[in-house]
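One line per chain: the protein sequences are A and B, in this order. For the first sequence, my numbering assigns the number 1 to the initial residue and increments by one for each residue that follows. For the second sequence, my numbering assigns the number 1 to the initial residue and increments by one for each residue that follows.
Check each hint, because a few of them may be wrong.
[Unchecked claim] Label-pair ranges, simulated between beta-carbon atoms:
# : chain 1 : residue 1 : chain 2 : residue 2 : range
1 : A       : Leu93     : B       : Ile325    : 51 to 59 Å
2 : A       : Glu112    : B       : Gly8      : 55 to 63 Å
3 : B       : Thr41     : A       : Ala97     : 57 to 65 Å
4 : A       : Glu112    : B       : Val159    : 29 to 37 Å
Rather than coming from a laboratory, the hints here were simulated on the basis of the structure. Remember, predicted model here, so these are calculated numbers, not experimental data. Note that the Cβ used here is the ideal one computed from N, Cα and C, for glycine as well.
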Amino acid sequence: MSPSPLIELHGASAGYAGKAVLSGLDLSLRPAEHVAVLGRSGAGKSTLLNLLFQRLDDRAALIPQAAALVGTLSVFHNVYMGRLDRHSAARNLRMLAFPARAEVAAVRGVLEGVGMEEYLFRRAGALSGGQQQRVSVARALYNGRPVVLGDEPVSALDRVQGAEVLRRLAARHETMVLAMHDIGLALAHAQRIIVLDQGRIVLDSPAASLTIADLLPFYG
Amino acid sequence: MAEPARLGYAGATRWFLLAALAALPIADLAVSGPDPWLELTRLFAGIIRPDLLAIAGASVVLTVAFAMLGVASGAVAGLLLALVFARLRAVRALAAAMRSVHELFWALLLIQVTGLSPLTGILAIAIPYAGIFAKVFSEIIEEADLAADRVLPTGTDTVSRFAYARIPVLAGPFGTYLLYRFECGMRSTLVLGFIGLPTMGFELETYFRQGRYAEAAALVLVFYLLIGTRRLWVRPATLPFLLAASVLAILWLTEPIAGDSIWSNMARFLGTDIVPRPLRNADLGDPASWMAFAAWLWAILYTQALPGVVNTLILSQIALVASGILALLLFPLVCRRFAGRAGQPVGRVALVVLRSTPEYMLAYVLLQTLGPSMLPAAIALALHNGGIIGYLLGRHADALPYRPDAPRGLDLYAYETVPRLYGQFLAYALYRWEIIMRESAIFGILGVLTLGYFIDAAITELRLDTAVVLIIVTGLLSIGVDTLSRWLRRRLRVENRPVRLSADDVQNRSVRTCA
Chain A
1 MSPSPLIELH GASAGYAGKA VLSGLDLSLR PAEHVAVLGR SGAGKSTLLN
51 LLFQRLDDRA ALIPQAAALV GTLSVFHNVY MGRLDRHSAA RNLRMLAFPA
101 RAEVAAVRGV LEGVGMEEYL FRRAGALSGG QQQRVSVARA LYNGRPVVLG
151 DEPVSALDRV QGAEVLRRLA ARHETMVLAM HDIGLALAHA QRIIVLDQGR
201 IVLDSPAASL TIADLLPFYG
Chain B
1 MAEPARLGYA GATRWFLLAA LAALPIADLA VSGPDPWLEL TRLFAGIIRP
51 DLLAIAGASV VLTVAFAMLG VASGAVAGLL LALVFARLRA VRALAAAMRS
101 VHELFWALLL IQVTGLSPLT GILAIAIPYA GIFAKVFSEI IEEADLAADR
151 VLPTGTDTVS RFAYARIPVL AGPFGTYLLY RFECGMRSTL VLGFIGLPTM
201 GFELETYFRQ GRYAEAAALV LVFYLLIGTR RLWVRPATLP FLLAASVLAI
251 LWLTEPIAGD SIWSNMARFL GTDIVPRPLR NADLGDPASW MAFAAWLWAI
301 LYTQALPGVV NTLILSQIAL VASGILALLL FPLVCRRFAG RAGQPVGRVA
351 LVVLRSTPEY MLAYVLLQTL GPSMLPAAIA LALHNGGIIG YLLGRHADAL
401 PYRPDAPRGL DLYAYETVPR LYGQFLAYAL YRWEIIMRES AIFGILGVLT
451 LGYFIDAAIT ELRLDTAVVL IIVTGLLSIG VDTLSRWLRR RLRVENRPVR
501 LSADDVQNRS VRTCA
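Could you build all of it, start to finish, from the sequences and the hints given here?
Structural data, given as C-alpha cells:
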C-alpha cells in the first residue's frame with residue numbers, strides 16, 4: 001500500500017477578504033509526490049498553495065508568486081532568511097552585519113544551483129524580475145524543508161533555465177506542489193496533475209496518462 | 001437631470017474663491033506702520049549686507065540641538081504609538097489631540113511647568129511631533145510591502161523577523177521622513193526662540209525689534225545654510241554623534257532647572273492653574289458652582305473664542321487662496337519646460353528659500369514694517385505655502401509626458417500643464433489648509449486678532465484656565481478643518497494622488513503634515 005498521506009483535505013474551503021475561492025475541496029497528498037497544479041488564472045491555485053502552506057506549517061517552504069524579497073538587503077541575506085528559525089536571534093542579528101563564513105559558503109552553493117552566485121552581495125532590489133525569482137527559489141532550496149510549495153516558481157525564466165530550476169527543487173525537496181501555467185513543463189516534471197477550475201478540482205490524474213492536448217480544453 | 005451636480009475641480013475652486021472674496025471686505029487689511037517703505041528699504045539694505053560677525057555660535061548650536069533631541073524623542077514616542085495606532089481608537093485620538101495643538105502653544109503651556117528650560121524646548125517639539133509621527137509611521141507600516149515576512153519559516157523568533165523582514169523594508173521611508181521632519185523641527189525650534197528659548201529665534205527677535213537687519217540677515221543666512229546642507233551632515237552614520245553632541249551642548253550652554261520645582265510646578269499647574277476658576281475649591285456637588293462654571297465658559301466662548309475663530313477662518317481662507325494663486329504662478333520657475341535649463345536651478349533656489357523661511361519669522365518682520373493687521377500675516381502665509389506647493393507642482397510638471405507636437409509657453413501652461421496638474425494642485429492645497437489654519441491661529445501671538453491673540457493674552461495675565469479652553473477650541477477647529485479637507489479630497493477623488501503620482505511619496509506625506 002502507499003505510505004500514509006502527508007496531508008488530507010476533506011471538504012476544505014479557503015479564500016481571502018471574506019470571499020471563498022475554494023470550496024468543498026478533497027485532496028490528499030502523499031510524501032515524495034511531485035504535483036503540478038494547473039488552471040486558468042483566478043481558478044484558486046495560489047489560494048490552494050497558501051492553504052497547504054498553513055496546514056503543513058513547519059514542514060513546508062513557500063515560493064510565493066511575487067518573489068517577496070526584501071529589496072534593501074543583499075541576495076545573501078534574502079536566502080539566509082530561509083533558515084532564520086534554526087538560529088538564535090542574537091546570531092541572526094550578528095549575521096546582518098557580519099555574515100559567517102560557513103553560511104556564506106552554504107548560500108553560495110545554493111545560488112550556484114540557480115546561476116546566481118555572482119550576485120551574492122548585490123542588493124536584491126536592484127535585480128531583474130527573473131533574477132529575483134531565482135533568489136526566491138534559492139531561499140526555498142536553502143530552507144530545505146521536506147515539502148516545497150511553489151507558486152509559478154519559474155514563470156519569469158526561459159524553458160531551459162526553468163527546467164534546471166525544477167530539477168534542483170525536485171532533488172532537494174522530497175515532495176513538491178507547484179502551480180504552473182506551462183503545460184509542457186508541468187507534464188515533464190510532475191508525476192501528478194491537478195487542474196482547478198472556479199475553486200474546484202476538475203481533474204486529478206497521473207501525468208504519464210496525459211498529453212498536452214488533454215489539458216488544453218481547461219484553458220479554452 | 002435628477003442627479004445632483006457632482007463636485008468638480010472647477011466647482012471646488014469657485015467655492016474657495018468665493019469664500020476668500022467674501023472674507024476680504026471684513027478682514028482688517030490696513031497698513032498702519034509709521035513708514036512702511038522706509039522700513040522695507042532698511043530691511044532690504046540689511047539683507048544685501050549681512051553682518052556675519054554678529055552670529056552667536058551658541059544659539060546656532062542650540063537650535064540644532066533642540067531640533068535634534070525634540071525630533072528624536074518625538075520619533076521614538078511616535079514609533080511606539082504607531083505600533084498600536086491602527087488597533088486602538090484611544091491612541092488615534094491621543095495622537096490627533098497632540099498634533100492639533102501647535103508647538104508654540106505647547107511651549108507656552110510648558111513654560112508654566114518647566115520654565116524657560118531646555119526641557120520646555122524639547123517637549124514642545126516632541127509632543128506634537130510624536131502625534132504626527134504616530135500617524136505617518138503607521139501609514140508607512142500599513143503601505144509597506146511585507147510579503148517577505150509571510151515567507152519566513154514558521155518558528156522564526158520575533159527579533160529576527162523584525163530585523164530581516166520588517167526593519168530593512170521600513171528603514172528607507174522612515175529615514176526620508178525623519179530627515180524631512182528634522183527640517184520642520186529646525187524651523188519650529190527657531191520660532192520657539194521668539195518666545196524666549198535660547199535658540200536663533202531669540203536673537204533674531206532682538207535684532208528685528210531693534211531694526212538691526214544686517215545682523216538678522218546673517219543669522220537667517222546661517223539657517224538657510226544649515227537647512228540646505230542637511231543631507232550632508234544628518235546621516236545614519238553621524239546620527240549617534242549628533243545626538244550625543246546635542247545632549248552635551250544643552251547641558252553645557254543652558255541653565256539647568258531645579259529638579260524639585262518641576263513637580264511642585266506640575267502640581268500647581270494641573271491642580272490649580274488650569275482648573276476653571278469657578279470650580280477651584282468649589283463644592284462640585286453644588287449645582288451653583290456648575291452654573292457659575294457654565295457662565296464662565298459661555299463668556300469665554302462668546303467674547304474670545306467666537307471672534308478668534310471667525311478671524312482665524314478669515315485669515316486662513318484668504319491665505320489659502322493666495323497661496324494657491326501664488327503656487328500656480330510660481331511653479332513654472334522650477335519647471336524645465338518653462339524656466340529652461342539655465343533658469344530652473346535659479347527658480348529652485350528661490351522656492352527652497354521661500355519654503356525654508358519660517359512663516360512665523362516672516363510674519364514677525366512684515367508685521368513690524370506694515371503694522372498689525374491681517375495683511376502681513378496673509379502675505380507671510382502665502383509666500384511660505386505658495387513656495388512649498390509651487391515647488392512640488394514644478395516637480396510633477398517635469399514628470400508629465402507631453403506629446404511631441406505640444407504647444408509652448410503660455411498655451412502649454414494653460415492647455416496642458418495646469419489642467420493636467422489641477423487635481424494634484426487641489427490635493428496639495430487641501431493638505432496645506434489645516435496647516436495654514438493652525439498658523440493663522442498662532443499669528444495671534446504677533447498681534448493679529450486670531451485665536452492666538454486671546455490665548456497669548458490669557459497666558460500673560462496668568463488666566464491659564466481660559467488659555468486651556470481656547471487652546472482646546474483651536475485644536476477642535478484644526479481637527480474640523482482636517483476632516484473637511486479629507487472629505488473634500490475624497491469627493492474630488494484626489495485623495496490618493498499625492499502618493500501615487502509622485503516617485504517620492506514620503507515627500508508628499510510630509511507636505512500634509514509639516515507645520
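| task | Run the structure past the numbered hints and jot down the numbers of the failing ones, going up. | result | none
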